[in-house]
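Asks: Modelling step: build the complete structure from the supplied sequences, incorporating the hints.
Given next are the chains, with one letter for each unit.
Number of protein chains: 2
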Amino acid sequence: MGIVVQKYGGSSVSTINKIKNIAKTLINKKEEGNDLVVVVSAMGDTTDDLISLAKGISKNPDKRELDALMSTGEMMSCALLSMAIRELGYDSISYTAYQIDIRTSGQYGKCLIDDIDVTKIKESLKKGKIVITAGFQGVNKNGDITTLGRGGSDTSAVALAVKLNGVCEIYTDVDGIYSVDPRKYKYAKKLDAIDYEEMLELSSLGAQVMHSRSIELAQKYQIPIYVGLSNSNIKGTIIKGVNKMNLESKPVTGLATSDDDIAVNLKEIDGNINILSNLFETIASRKINIDMISQTSPINGKVNVSFTVPKDEQEECMSIIKNFSNERNISIDEDITKFSIVGIGMKNTSGVASKMFKLFSDNNINVKMITTSEIRITCTISQKDKNKAIQIVAEKFYL
Amino acid sequence: MGIVVQKYGGSSVSTINKIKNIAKTLINKKEEGNDLVVVVSAMGDTTDDLISLAKGISKNPDKRELDALMSTGEMMSCALLSMAIRELGYDSISYTAYQIDIRTSGQYGKCLIDDIDVTKIKESLKKGKIVITAGFQGVNKNGDITTLGRGGSDTSAVALAVKLNGVCEIYTDVDGIYSVDPRKYKYAKKLDAIDYEEMLELSSLGAQVMHSRSIELAQKYQIPIYVGLSNSNIKGTIIKGVNKMNLESKPVTGLATSDDDIAVNLKEIDGNINILSNLFETIASRKINIDMISQTSPINGKVNVSFTVPKDEQEECMSIIKNFSNERNISIDEDITKFSIVGIGMKNTSGVASKMFKLFSDNNINVKMITTSEIRITCTISQKDKNKAIQIVAEKFYL
Numbered sequence: 001m002g003i004v005v006q007k008y009g010g011s012s013v014s015t016i017n018k019i020k021n022i023a024k025t026l027i028n029k030k031e032e033g034n035d036l037v038v039v040v041s042a043m044g045d046t047t048d049d050l051i052s053l054a055k056g057i058s059k060n061p062d063k064r065e066l067d068a069l070m071s072t073g074e075m076m077s078c079a080l081l082s083m084a085i086r087e088l089g090y091d092s093i094s095y096t097a098y099q100i101d102i103r104t105s106g107q108y109g110k111c112l113i114d115d116i117d118v119t120k121i122k123e124s125l126k127k128g129k130i131v132i133t134a135g136f137q138g139v140n141k142n143g144d145i146t147t148l149g150r151g152g153s154d155t156s157a158v159a160l161a162v163k164l165n166g167v168c169e170i171y172t173d174v175d176g177i178y179s180v181d182p183r184k185y186k187y188a189k190k191l192d193a194i195d196y197e198e199m200l201e202l203s204s205l206g207a208q209v210m211h212s213r214s215i216e217l218a219q220k221y222q223i224p225i226y227v228g229l230s231n232s233n234i235k236g237t238i239i240k241g242v243n244k245m246n247l248e249s250k251p252v253t254g255l256a257t258s259d260d261d262i263a264v265n266l267k268e269i270d271g272n273i274n275i276l277s278n279l280f281e282t283i284a285s286r287k288i289n290i291d292m293i294s295q296t297s298p299i300n301g302k303v304n305v306s307f308t309v310p311k312d313e314q315e316e317c318m319s320i321i322k323n324f325s326n327e328r329n330i331s332i333d334e335d336i337t338k339f340s341i342v343g344i345g346m347k348n349t350s351g352v353a354s355k356m357f358k359l360f361s362d363n364n365i366n367v368k369m370i371t372t373s374e375i376r377i378t379c380t381i382s383q384k385d386k387n388k389a390i391q392i393v394a395e396k397f398y399l
Numbered sequence: 001m002g003i004v005v006q007k008y009g010g011s012s013v014s015t016i017n018k019i020k021n022i023a024k025t026l027i028n029k030k031e032e033g034n035d036l037v038v039v040v041s042a043m044g045d046t047t048d049d050l051i052s053l054a055k056g057i058s059k060n061p062d063k064r065e066l067d068a069l070m071s072t073g074e075m076m077s078c079a080l081l082s083m084a085i086r087e088l089g090y091d092s093i094s095y096t097a098y099q100i101d102i103r104t105s106g107q108y109g110k111c112l113i114d115d116i117d118v119t120k121i122k123e124s125l126k127k128g129k130i131v132i133t134a135g136f137q138g139v140n141k142n143g144d145i146t147t148l149g150r151g152g153s154d155t156s157a158v159a160l161a162v163k164l165n166g167v168c169e170i171y172t173d174v175d176g177i178y179s180v181d182p183r184k185y186k187y188a189k190k191l192d193a194i195d196y197e198e199m200l201e202l203s204s205l206g207a208q209v210m211h212s213r214s215i216e217l218a219q220k221y222q223i224p225i226y227v228g229l230s231n232s233n234i235k236g237t238i239i240k241g242v243n244k245m246n247l248e249s250k251p252v253t254g255l256a257t258s259d260d261d262i263a264v265n266l267k268e269i270d271g272n273i274n275i276l277s278n279l280f281e282t283i284a285s286r287k288i289n290i291d292m293i294s295q296t297s298p299i300n301g302k303v304n305v306s307f308t309v310p311k312d313e314q315e316e317c318m319s320i321i322k323n324f325s326n327e328r329n330i331s332i333d334e335d336i337t338k339f340s341i342v343g344i345g346m347k348n349t350s351g352v353a354s355k356m357f358k359l360f361s362d363n364n365i366n367v368k369m370i371t372t373s374e375i376r377i378t379c380t381i382s383q384k385d386k387n388k389a390i391q392i393v394a395e396k397f398y399l
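Chains as they are written, first to last, in UniProt numbering: chain E, 1 to 399; chain S, 1 to 399.
The set of hints was computed from the structure by calculation and includes no laboratory data.
All values reported here derive from a predicted model rather than from experimental measurement.
Take these hints with a grain of salt, some might be off.
Chain S side only, calculated, beta carbon under 8 Å to chain E, not exhaustive [as the list claims (entries may be wrong)]:
{"id": "1", "residue": "E65"}
{"id": "2", "residue": "L80"}
{"id": "3", "residue": "Y90"}
Don't be surprised by glycine CBs; every beta carbon is placed ideally from N, CA and C.
Replies: The following block contains the structure:
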């Protein structure tokens, strides 16, 4: 008997009937003797609907108000799920971020959780209640409503598991973590387990299964996360530390692609490192995530620099860059797919990169930018080459 | 230069375009030198949509969770309106009940406002912000989200006007208070002013323009309320104290009808006053509003009692009554229209009731129950007679 923190994604609560089914599942789990704390996302497309309301008001809606608006989606699903449990004769209570003081800091729309006051939750569990909490939202020290960014409910769940010393289960519309997105590669294999680091690389690279901050948090506190289908007996995937895993010889565990970025190319800018670091600092201070950065060696003191930026931050980013470079020298490449392979095993296996680039070259796939980490190789390629690249790499590395 | 509290109803903010228009209106008002605090209802049919979601879960949804659910509608419109003002380059901030501690007590779904902490509002006004607050909602001492009942945003607005020592303006989809609902009687006259008492009787009798608790509150603190169309130059109606009014000789100011109740008839119950007072106390303790009560003189110690109950509380009410009376002796009459005429002038004019009942009798309209107050006469009639009754009474009393 312990505390189980379960998170249900938007697709698991997208209709009243699905909510009723989750309520039944929760009651079964409760009857097995578990104390249950449940984090819910907004129903189905609610968050998108709220955003499009805001976009009807402004192309660039005020961020404090946008957070206040978006937080309502989770409040709704939360109250409905609690209602559904009570309707079945079991005790339940819903809490918003305000009610359990999910304290956040940082910028609206991408706040970090500083702390959660779990007193009320513990009291409610003691009374036998199933506790339902609103994911994705928090409150900053000014009392403003904040949100944690897309997929933030995963992080809410892990944070609650940390504070409650419980286990964490993420229920979603996929039945686990695959080596490659099965929609993109039909022979993709489901993994029984994956290391935090690998999952982190995969999820920050566009494998949309999990919010990457949730993995970081789980890794920090060594909380294993189960990821699986809601209302199903199909076995999912456990995300845990490598020391707990049966390390296989396979160097590459997963593959991920993302079309969510554009590449910014700056031509012939002053190679003075101060200017570049200034530029990147300014961009970072606006909390824009620059991802891949590559720079060529200076010629006559001038360098060419390329980096990728999320599409939806292109505008804000460009307004910064214009202060650092002549507009003539800025070009944007919208035709990029970020293509990454990930594996703890890469640390001990050489030649993975060269093997992949040989494959690309044999198949006439042009590689534009390259960045690597100890357990990851990422490059950008043209979007038309994406599917071919997935097929040949997945096959070659037995994914 | 003073503080103006304006309330905009759901139909005034039912679309993004309407919200943008309200934003412009507010900025104009602000530029005239007013400090503006705005209370908004949920957009259009949002509250009904939320209720139907809840009804999909349960015929009788848990009331704490229902309040939590329903409160989200106002949070949304609040954030959107503030965004719209900021989009036009003016400063604005939205506050939920939590953020300004709209403290309530009483039962979920019909809470009363105990207090509001206006510190944050005053600070924001000082900084030149237009303050947008969520109507209809509050927080009780347990930290639960509560709502004030249908139309509760009016009460939120008056309460804020009281606490901020401001004036109160209610903007809605009608251009003022009419002697008779103009949809029911096309010759109805709009009133320039109406006394609190009269308005109170009218609104508690089914004239849906205003939340009756808001009138009580305004009367208690002698805050005049302006009621009119949003975004319009058409002059509306001021609700204020009779001592400020030019008292006319006309005994009847208004007429209201309501089909929202059913009549409960209890036959041959024990005439012991203790039993009846017990019954009514029990019903009242569940916060069910019994409205009209009439009782016939006892025969052999037994009396017949009739009273009206809101349709949506019929079920709860019946479960109580069954403990007090044999089921055989309980009958329900669903075919009733409450028909009321109201006027401060009635205090000084005799024969109003007899004049009305003579009219009914001349026109073959059967009167079922009758109750009266100093300034009001209410009876129930069959619903099929409603329109005829409105026409003949409105004409006779020059409404």
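Asks: The structure should be examined with respect to each hint, and the outcome stated for every one.
Replies: Right, here's what the structure says about each hint:
1. E65: Result: holds, 4 Å to nearest chain E Cβ.
2. L80: holds (6 Å)
3. Y90: violated (11 Å)
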